[in-house]
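J.: Those protein sequences? They're chains A and B, same order as listed.
The working numbering numbers the first residue of the first sequence as 1 and each following residue consecutively.
The working numbering numbers the first residue of the second sequence as 1 and each following residue consecutively.
Note that these hints are calculated values from the structure, not bench results.
Watch out, some of these pointers could steer you wrong.
Label pairs and their calculated CB-CB ranges [to be verified]:
#, chain 1, residue 1, chain 2, residue 2, range
1, B, S289, A, M201, 52 to 58 Å
2, B, K212, A, F255, 42 to 48 Å
3, A, G303, B, L59, 47 to 53 Å
4, A, G108, B, S7, 39 to 45 Å
Please read all numbers here as calculations on a predicted model, not as lab measurements.
C-beta: ideal position from N, C-alpha, C; glycine also.
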Amino acid sequence: MSGKSILKRIDWLTVFIYLALVLIGWVNIYSSTFSESVTSIFDFGTLHGKQLFFIGVSFVAIILTLALEASFYERFSSLLYLISVLLLLGLFVFGKTIAGATSWYDLGFFNLQPSELAKVATALALAKYLSDIQTDIKRRKDQFFAFLVIFIPAILIIPQPDPGSALVFFAMAFVIFREGLPLFYLGIVLLAVLVFLTTLMFGTVWVSIFIGLLMVLFLLLKKKTFKVPVIPMVSAAVIAILFSLSVNFVFNNVFEQRHRDRFSLWLRLEKDPAKLEKIRKTIGYNTYQSEKAIEAGGIFGKGFLEGTRTKGDFVPEQETDYIFSTVGEEWGFLGTSTVVLLFTLLLLRLVYLSERQKNPFSRMYGYGVISILFIHYFINIGMVIGMLPTIGIPLPFFSYGGSGLLFFTLLLFIMLKLDSNRLKEGM
Amino acid sequence: MRKILLSSIIIIIGITFIGRLSYLQIFSFSPDQLLDDPAIKAIYDYPERGYIYDRYGKLLVGNDPAYDVMVIPREVKAIDTLEFCSLLGMEKEQFLKKLKKARIYSPRLPSVLVHQLSKQDYARLQEKMRRYPGFYIQKRSLRYYDTNAAANVLGYISEVNERDLAKNPNYVQGELTGRTGVEKVYEDTLRGRKGIQYIQKDRFNRDIGKYKDGSLDVEPEQGKEITITIDKELQEYGERLMHGKWGGIVAIEPSSGEILTMISGPTYDPSLLVGRKRSRNYSKLHYDSISKPTFDRSISFEKSPGSPFKTINALIALQEGAITPSTTFTCHHGFYIGRNKKGCHCGGGTKNLNNGIYESCNAYFVGVYKKIFEQFPSNSEAMDAWEKHVRSFGLGAYLGSDLHTGRKGSVPNSRMYNKWYGKGDKRWSATTTYSNAIGQGEVNVTPLQLANMTAAIANRGYYITPHILKKIEGKDITNPDFIEPKYTTIDKKHFEPVIQGMADVYHKGTARWVQVPDIEIAGKTGTVENFMVIDSVRTQLTDNSVFVAFAPVDKPKIAIAVYIQNGYFGSRYAGHIASLLIEKYLKRKITRKDLEKKMLTRTLEREYAKPYSGKPFKINERDWSQDEIKNLTKNLQQ
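Only chain A is shown next, with the shape it has when bound in the complex (with noise of 0.2 Å):
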């Protein structure tokens, strides 16, 4: 395959927003790490000198994905995600810790986090198992086989521990959905997390009255609208109200105080100013400078390299989890709104170039690349802006950090190889 005709049916729409992001992410690592006495922006010792000589890594690993045939990926997703599951395991016994998770090899120069590629090869993976011509989704069976292509990594990334990456994971559950599993079970994982947030909320008592109000209504209206049968309904209601009961059990006996911290912290259930103001200075305290550095940026921002909280180091991780608050203090309401803006536009195009995929393969493991990225910049936006509890996982594109960097641009330039291969497939 010529270079030329590559250069030709690639979606560029998606390569000038994946470039904006970079180009974005860049500055804003600059001016997070940004010292007085550093001059010039090539100096490797620096964490943005670093992050530049990645994107130059990345662009050499674009030029490699683009060139291998689009075969290759389909061919040997199984071996790849062989590979990424003994590098997990590999972490047991050679892993190097930082910060506390046993999550990287070292290699000398750099830092390589196994997870990431997980993430690419888990996405490949569950697509060449799912488009697989023996695989029927609606049978129990597959359906198993499935799941246990994202729980095996998740589970052996958990005990590093990572609970931020294991959930990326869980996210990729969402292309089984596409696939044909019974919406159903989404009901289920749905219902659950509602039922556990308002017994945080409210207590077990109100959302018993209320699950009990639904039904008195439910079995008074039933026979002129609905068709479910009773049994089921009433059984699942008194369910919902066993796991209200054992999620007051569970938060108060089985997590620890710093999870049971976050949650009051997320879900503001913290009333007394005097213990607020502690959780802001201990667990909230990432949350709440974040915040502040957003609010300081107002419309317009502070202007590149102004930002005196971002100066000051005050919002912990901001290079790399917390990259988004240097967008919010510097640049404003203006930039924050352009980059949800770009990211949302990226995910949709992908959603696009996803459907009109003639090959299962491609389609299925697109929606793995919009769920792996979707969540990403789901949960870490949310966290940074205080709408979601603090679960450390970077910005796609954005946050500093040099694997995961390259293993986002390969999880999405192997996409648009795919994609710019579509005509030619299905044959």
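Given chain A, put chain B in place with the hints provided.
T.: The following block gives chain B in isolation, referenced to the frame of chain A:
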């Protein structure tokens, strides 16, 4: 449906994020103010507060450097605690306790370990300080008073409180501001402007360089020194004379309106309100609710002026053509108001303007007052014309001086009497309001107003608003309010006969015992009836002693009003004190030592204790030898 689901979720999340961001950045946008920004530290460089000098350039208030030993707990390394404690002169336990307290306050921010070292200790410590990391010496500036007088004039400074901070954002916690007196009124001049350096901090509060390369930094500006109109020597002397007496004294230079002295008794040593002991001392003074040392009687004490006010009535009558200097009234040792006879101390007989003034005849002035009313078709018009004249002497309203507080006093008018007695000429008349004739009625004045009124007489028809500021940085003030004369409504020619009467007060009148050799003084005594509610009964106390005077008569250099509570005769305490102060001011020395000794050793404490004794007491005792306190030698020696 499944195809749309994902897209919808993406769009909904995008909208939610933008909603939340607009809430954070648009609706609850709180721009970081330079001083509130936690990432920026302002380092202040405090200039020295300006000095205050008296009218002759003598220092009144300066600054005293004080040295605090500060500690930044987390920078403290292992040191020889015992040696350091002996250097600081404190116990080891106390040292450790204070260090612990500082650590609890903040391990990163400086705390005061030892307050206000003496200069000797500072000199001893300074060289060795660098051996003790985490400790350093912070220089501060305290007020130093080169006088024990004039506390009410100078005022004091103290740390700003929440209210000051809310009112003026330029203040920072821990700064000092003037509270009363000159320190308050000329706060901005004296304070100068503090220098500010902005430092960018990180979240551990470490300095990481200048903010914006110091482009927003402010250079400190020295506080300006000011010269006030007070005569330090006169003020100190007056306060000694006032020892054990309550009341107010104000002396003014008539030609310029400069306040020469402003004494309030009882007073306190201004040094009491400096430094560490300030708040304890202040409470002690503030809660003395009987003698009220913090209440400035020279400017805030409103009382009936008494007989000195008769001079104003004489001037109004002359101006309105109600009398000539030779118009006479007969005094029958009193006068009749309806069927009631009111007494008069003047001795009786036929009175004209001259002896009416110097013998202070009540009957004469009630007659004059009635004559004024006869010049007008109605009582209301007479009353209001009278009011206008009185107010032109600066009575009944704020003078507009540059003093931090004061009172308006009061002057009655027809509106007030109409309200009291009802409208119409039949309801009230000159007879009803006759007390105004002798300064006992509805007229209330402060000693400052009384002095200013005297200055207006001395100037033969105008006054210059009394003021306390003379120079800033050696340059004379240019404020037209304190330069341009304010004219009274009385023509110049009418003043001479009244002033003659006032001069005769010294020659042959009520103050002939307190004459000053070689100085021609014009004055007027006042003995003011005085009431107080004791156990809900209105009880008469010993009269207030009042005296106004100016000298020399031809070219007045000083106009003075002395108001002594419960001093009885005008000439007894007030007259004595006024004459001593005039002599002191004009001659700079006292020749009449016996008179001086009398004032320095006699106090009115006995008089002031009477209403609180709970026993019946006599008032207006003729014999005043009991006022003498034998062992007041300290007062004499000063």
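J.: Hint by hint, which ones does the structure fall short of?
T.: none
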